[in-house]
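Chains as they are written, first to last, in the numbering used here: chain A, 97 to 213; chain B, 108 to 275.
For the record, the hints were derived by calculation from the structure and aren't laboratory data. Fair warning: there could be bad hints in the mix.
[Said to hold, decoys possible] If we take Cβ atoms under 8 Å as the criterion, some of the chain B residues that face chain A in the derived model are: (1) Ser118; (2) Leu122; (3) Ala123; (4) Ala126; (5) Ile128; (6) Ala134; (7) Val136; (8) Val140; (9) Val144; (10) Pro178; (11) Val189; (12) Ile191; (13) Pro210; (14) Ser239.
[To be verified] Beta-carbon label-pair distances, calculated as ranges: (15) B:Trp252 with A:Leu173: 30 to 38 Å; (16) B:Gly186 with A:Leu173: 17 to 25 Å; (17) A:Tyr117 with B:Leu209: 32 to 40 Å; (18) A:Glu174 with B:Val237: 56 to 64 Å; (19) A:Asn120 with B:Ile274: 53 to 61 Å; (20) B:Thr249 with A:Asn120: 50 to 58 Å; (21) B:Thr212 with A:Glu174: 33 to 41 Å; (22) A:Gly176 with B:His192: 26 to 34 Å; (23) B:Thr249 with A:Ser207: 57 to 65 Å; (24) B:Pro149 with A:Ala181: 21 to 29 Å.
[What the hints assert, rightly or not] In the SDA-like style, the derived pairs of lysine to any residue whose C-alpha atoms are separated by at most 20 Å in a straight line are: (25) A:Lys187 with B:Leu138; (26) A:Lys187 with B:Ser131; (27) A:Lys98 with A:Leu116; (28) B:Lys120 with A:Ala206; (29) B:Lys185 with B:Tyr142; (30) B:Lys185 with B:Ser131; (31) B:Lys115 with A:Gly176; (32) A:Lys98 with A:Gly135; (33) A:Lys187 with B:Thr249; (34) A:Lys98 with A:Asn128; (35) B:Lys120 with A:Gly176; (36) B:Lys120 with A:Arg151; (37) B:Lys120 with A:Ser153; (38) A:Lys187 with A:Trp165; (39) B:Lys185 with B:Asp208; (40) A:Lys187 with B:Lys120.
Backbone N, C-alpha and C fix where the C-beta goes; we use that ideal spot for every residue, glycine too.
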Amino acid sequence: MKFLRWSAVALLLVTGIIDLYYGNSFAGFYENLWYVMGGIYVFAAIVIAANIEPRFSQLTVFAYTLFLWSVWATVALETGIGLDAVAYADKAIEAVLAVNMVLLFRSSRASVAVLAH
Amino acid sequence: MTGSGFGKLSSEKLLAAAALIAISSGAVVGLSVGYVVHYSAPATRTFYLFDGTLPFSEPSFYNIPHDTFVPDTITVDKGDHVVIHYINIEDVSESHTFTMDLPYTFDATLYGNATQQGVVGTYPNVGDIVLSQGQNATITFTANWAGTFRYYCAYHQPTMTGYLVVIG
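Given only the sequences and the hints, what does the whole structure look like? Please build it.
What follows is the structure, given as structure tokens:
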């Protein structure tokens, strides 16, 4: 479980830095949203690393990752914006992060169940 | 938290519920953001510009009639690519200029009239172009500065004046 937690932290930080870079490198309303997303990812990395309310925070981070994936996909389909190498790399890492969060959440819940018995 | 409804649900059900809510709400937000981005993105705006004559007091000082621009206002968003097809529709031998105040300059392609057909000349990054009777010009520029800027005919002042309004 420790490995899953720290891999989640690493993925969150990488995604956050990419988003901050993306938001910082381009001007415009939509790109500024990336800047905000990156900040939230870095904050989430700190929360996961500190293991604060793990079952709630892990589920929230998982949902946040899917939420952003869904936002990106619909905006890209509607306008063609955000279809570049940086965004593709970011979204690929986010997909891995979502899987990581699923495994981390399940293992966290399993370990709590074992402790309860 | 384990004693609450949240704690009693299986991991799979919680993950599925979270995924469903996240993806559906993300799609709603994405469609909204996409709408805003799509409809405020810079666009190519095309205008047709003609000369006109006021139906009174003609001719005026030094036999120069009171001419006008039709339309006399062109409104675009900042960042738009502006294309103006300017046509000298005079029925007498009379020239007009299309002149813009700085900071705006434009690229122009001048086309001939009945006696001189085809492209007469191309003028990159100029602030002024002269059209003889029957000629037309394609004027292009990007509206990089917000505000109200004058375009005018240097020969027919003060009446032949129009305004480019760039909304920032």
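So which of the earlier hints does this model not fit?
The structure breaks hints 3, 10, 11, 12, 13, 14, 18, 19, 20, 27, 30, 31, 32, 33, 34, 35, 40; every other hint is satisfied.
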